[in-house]
Amino acid sequence: MPEIRVVPLGAGQDVGRSCILLTIGGKNIMLDCGMHMGFNDERRFPDFSYVTKEGPLTEYIDCVIISHFHLDHCGALPYMSELVGYDGPIYMTQPTKAICPILLEDYRKITVEKKGETNFFTSEQIKLCMKKVVTVNLHQVVRVDDEMEIKAYYAGHVLGAAMFQIRVGQDSVVYTGDYNMTPDRHLGAAWIDQCRPDLLITESTYATTIRDSKRCRERDFLKKVHSCVEKGGKVLIPVFALGRAQELCILLEMYWERMNLKVPIYFTLGLTEKANHYYQLFITWTSQNIKKTFTDRNMFEFKHIKPFDKSYADNPGAMVVFATPGMLHAGQSLQIFRKWAPSENNMVILPGYCVTGTIGHKILNGAKKLEFENKQMVDVKLSVQYMSFSAHADAKGIMQLISQCQPKNVMLVHGEDEKMDFLKQKVQKEFGIECYKPANGETIIIRTEHNVPVPISRTFLKREESSGLPDPKRPKLFHGVLLMTRNNGWKVVSPEEAVREAGLNEHVIRFTSSFNIDCDSSDGAKVLARVQDLLEKNLETSEMQTSDETVSINSVLIQLDSSRSELLVSWSFQDEALGSCIFNLLKQKLSGERAERAERNQRSERRDR
Amino acid sequence: MAVDDSDEWLFSSMNKYEDLYQYELIQPTRTIAFVTPGEIAVGGCLSTGFNELLFLSAPGHLRLTGDEQDLCGERDFFVIKGALTPHGVDHIETGGVGRERTLFVMNEAMADVELWSLANEDSDVIEKLDTMKTGLPEGHTCRCLIHDKLAICGSTGPQALLFDVNSLVQVGSIEWPRPITCAGFVALDGETFATVCQSSGLQIVWDARVGTGSPSLVLEQESTSKGDRFAFAVITPKEQPKIAVISDKGQLTVFDIRQSKAALECVDLGLSEPTKESNLCLQSSSHKPNQVSISGFGHCVLVLDWSTQQQLFKYDGHEEDATPLYHQWYPWKEDMIFSSSSDGSLHAWHAHF
Numbered sequence: 001m002p003e004i005r006v007v008p009l010g011a012g013q014d015v016g017r018s019c020i021l022l023t024i025g026g027k028n029i030m031l032d033c034g035m036h037m038g039f040n041d042e043r044r045f046p047d048f049s050y051v052t053k054e055g056p057l058t059e060y061i062d063c064v065i066i067s068h069f070h071l072d073h074c075g076a077l078p079y080m081s082e083l084v085g086y087d088g089p090i091y092m093t094q095p096t097k098a099i100c101p102i103l104l105e106d107y108r109k110i111t112v113e114k115k116g117e118t119n120f121f122t123s124e125q126i127k128l129c130m131k132k133v134v135t136v137n138l139h140q141v142v143r144v145d146d147e148m149e150i151k152a153y154y155a156g157h158v159l160g161a162a163m164f165q166i167r168v169g170q171d172s173v174v175y176t177g178d179y180n181m182t183p184d185r186h187l188g189a190a191w192i193d194q195c196r197p198d199l200l201i202t203e204s205t206y207a208t209t210i211r212d213s214k215r216c217r218e219r220d221f222l223k224k225v226h227s228c229v230e231k232g233g234k235v236l237i238p239v240f241a242l243g244r245a246q247e248l249c250i251l252l253e254m255y256w257e258r259m260n261l262k263v264p265i266y267f268t269l270g271l272t273e274k275a276n277h278y279y280q281l282f283i284t285w286t287s288q289n290i291k292k293t294f295t296d297r298n299m300f301e302f303k304h305i306k307p308f309d310k311s312y313a314d315n316p317g318a319m320v321v322f323a324t325p326g327m328l329h330a331g332q333s334l335q336i337f338r339k340w341a342p343s344e345n346n347m348v349i350l351p352g353y354c355v356t357g358t359i360g361h362k363i364l365n366g367a368k369k370l371e372f373e374n375k376q377m378v379d380v381k382l383s384v385q386y387m388s389f390s391a392h393a394d395a396k397g398i399m400q401l402i403s404q405c406q407p408k409n410v411m412l413v414h415g416e417d418e419k420m421d422f423l424k425q426k427v428q429k430e431f432g433i434e435c436y437k438p439a440n441g442e443t444i445i446i447r448t449e450h451n452v453p454v455p456i457s458r459t460f461l462k463r464e465e466s467s468g469l470p471d472p473k474r475p476k477l478f479h480g481v482l483l484m485t486r487n488n489g490w491k492v493v494s495p496e497e498a499v500r501e502a503g504l505n506e507h508v509i510r511f512t513s514s515f516n517i518d519c520d521s522s523d524g525a526k527v528l529a530r531v532q533d534l535l536e537k538n539l540e541t542s543e544m545q546t547s548d549e550t551v552s553i554n555s556v557l558i559q560l561d562s563s564r565s566e567l568l569v570s571w572s573f574q575d576e577a578l579g580s581c582i583f584n585l586l587k588q589k590l591s592g593e594r595a596e597r598a599e600r601n602q603r604s605e606r607r608d609r
Numbered sequence: 610m611a612v613d614d615s616d617e618w619l620f621s622s623m624n625k626y627e628d629l630y631q632y633e634l635i636q637p638t639r640t641i642a643f644v645t646p647g648e649i650a651v652g653g654c655l656s657t658g659f660n661e662l663l664f665l666s667a668p669g670h671l672r673l674t675g676d677e678q679d680l681c682g683e684r685d686f687f688v689i690k691g692a693l694t695p696h697g698v699d700h701i702e703t704g705g706v707g708r709e710r711t712l713f714v715m716n717e718a719m720a721d722v723e724l725w726s727l728a729n730e731d732s733d734v735i736e737k738l739d740t741m742k743t744g745l746p747e748g749h750t751c752r753c754l755i756h757d758k759l760a761i762c763g764s765t766g767p768q769a770l771l772f773d774v775n776s777l778v779q780v781g782s783i784e785w786p787r788p789i790t791c792a793g794f795v796a797l798d799g800e801t802f803a804t805v806c807q808s809s810g811l812q813i814v815w816d817a818r819v820g821t822g823s824p825s826l827v828l829e830q831e832s833t834s835k836g837d838r839f840a841f842a843v844i845t846p847k848e849q850p851k852i853a854v855i856s857d858k859g860q861l862t863v864f865d866i867r868q869s870k871a872a873l874e875c876v877d878l879g880l881s882e883p884t885k886e887s888n889l890c891l892q893s894s895s896h897k898p899n900q901v902s903i904s905g906f907g908h909c910v911l912v913l914d915w916s917t918q919q920q921l922f923k924y925d926g927h928e929e930d931a932t933p934l935y936h937q938w939y940p941w942k943e944d945m946i947f948s949s950s951s952d953g954s955l956h957a958w959h960a961h962f
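So the protein lines, in turn, are chains A and B. Take the first sequence: its letter number 38 is residue 38 in the numbering used here, and every next letter is one higher. Take the second sequence: its letter number 191 is residue 800 in the numbering used here, and every next letter is one higher.
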């Protein structure tokens, strides 16, 4: 029985280190290869020993697919391909290929140069890994080999993020990665066609959440920024160079323009130009609004947001600064934070998740004093705000996606280990399909059904069609022969055609049944007329033929044997259903009438006596 | 940079609302039950298909204040538990001694009350426990109040019935002076309760001591407001309780229960007549006894000072073409109101700017 197997190596009842092994039609695919930002040891990488205990993975994995550039989806890729070993193709979109190495290099620098780790991939290994990448365009069918093909769909979430359909023969799986069903200012909403995969593997980050609207979050953010700068305070917004930063920049730019504010907004150099460059390069991946206005004005060239120089941090007066990196764990954002933290007039807004151990995480847990190198203490008196702008589908969005693509089964990944019996129940009730939520290392097996398409002879079809138009909602029984032809093709033909092709004598099987009927030799015509009347009333057919002694429909023949007071009904094997139906109908009606007459006669006799 | 309609909303809302949260439920809800501080229950009210019964954890932002709120960042509801029900949910009551983790669910046009359990720690599905067969007329929605060990149930007819919440057995009844359609029940204290007839505005206050014969009526007051539909709220139930009644003609009347037959205030608010589909809803603030809120007239929720007849605040955040269904003051944060509408929206907002 054909089946699909799925084993999460990461993101099984967990967020982080997304890596899912998929076996479909005999092919093995790795979906994402992320790292877990919460660990500093080997637990940050997926456990590749599930694939093989030792040696490279090349012969065990047919291809790797990366959904987007977030490190929890691609952070382990160079480690897997260069340190564990994999030489096969790695599929991703163009923007993902362009941006991945930048983030990987940035992360490598922090891990190796700042933290002093040794067993980590090098810059050269990142480059070698990226050489194995094959890019895919949206809605383009890419043949991985003779049997497997993949297709990318727009996922929203971040620039270049895609959902992937993987098809091998008749089996198909859709893997969503991270996606967003509501559009952003700079990205559109995820979309997929009614591709009816055997399995939909969907992220479930916010599956048990009912999210506050995006516009209320934006409103809250703008109010806080404005109230701080209005009082002369400075606002620090630590961000990663790509992702939510662009969203917030567009938002602030629009607000500053409308409110005619003169307070300067800065974005730290380094990754800024590259980020804006990529958004302009991949403009087709952005939202409708951005694409629409691009010819008049490039929304990533900001009027109110200027490049930052580190000397500006000491300038008096209000300002807003976007600085990298996002968790205040190093770099410019941390330097600025140390200068501004002691002032109550200032504010830091953290717009995303902060890993344990980072300054961002500490201040979000209420730390009021921080110790840095050389036992330098910094007072945290500025206002600390956490605002989540991450773009994931919530419960309603997940149900929308299921409704769009109409899978036969659903699997939930990339969600915390929360109970999801209710969501599973909803999916089952709403769509009548199974829903799974495996843990890391747990194998889920999905049985699939295959339909074999077979050509059918036109003569045969026309003959079957002539017996009445089929009801598209009900199955229709055909009697035919599956014929394997000399050139190894096959088709369905009528029995007569098959017999002719095979050069055989045709044998016909007929069934005959009879029942007693109350009549004498002069009643023959009356009985047949009664038979005809019953058939006309009870069967939807216009194909009845009558003669003096018989009534026939298709191969069903009804004949009266007056000498034995029997009605014979005979039919061929092909008309088994029709023949049985007619026989039972006539027996019920005519025998019943006979029994009634006999009873009436008996009653009459009793009365006479 | 061009400002589009959604951005226009941003700017106009900043000049209207302090705190604002807007959520979309899969089905609209006609009830918002506050279970414990930070936990609420809602239920879909569609008449076809399956409705979701949801037990939600309120976002940190709505539970916390000050620094804690700023650090929290959490603005989303978390679905603690849920269930699918084939009925449209009309109202949810909670509590009751021995039934602390139970939801009492009243469904549209059904006389019985369903009991759903929140107790199972191993699953996030709300399980149906039992059904309290009230014996009230079929085809009418049951109104029920849970107080201590008692469930008071009424709909249309000459009486309300009293049940023990644990055994679900009837323990008494209250005979009305004439048949009424209950607009709900409110407890004034441990022994005194109030109701209003939804169609005539008749106000009734009674003393319900179980097992001592027919509960005695304390007050029976005809409505001085004109109208065909009425909603009511009780103001300061424990101290100097008053009943506020609003009619579909927009007339608000406030009675002091201790001084019957003397309306404290009766005022025509000049509101446009509600549609037949609108739910007339009147609530009182537990933090500010002079404030009441009204919905059902248009798509807005109005907050008034009933003593001065001054309109204090108007919330118009729900879509104009949606029908307002319900609203309720959030007991654990001053001036916070939750409101729902027929397009599935559930909003939380500050009733002051």
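Since the hints were made in silico from the structure, they are not lab data. Quick caveat, the model's predicted, so the values are computed rather than measured. A couple of the hints might just be wrong.
[Said to hold, decoys possible] Computed cross-link-like contacts, SDA-like style, restricted to lysine to any residue with a CA-CA straight-line distance of at most 25 Å:
| no. | chain 1 | residue 1 | chain 2 | residue 2 |
| --- | --- | --- | --- | --- |
| 1 | A | 396 | B | 911 |
| 2 | A | 292 | B | 619 |
| 3 | A | 381 | B | 672 |
We went through each hint and held it up to the structure:
1. A/396 to B/911: Violated, because 30 Å separates the two Cα atoms, which is more than 25 Å.
2. A/292 to B/619: holds (22 Å)
3. A/381 to B/672: holds (24 Å)
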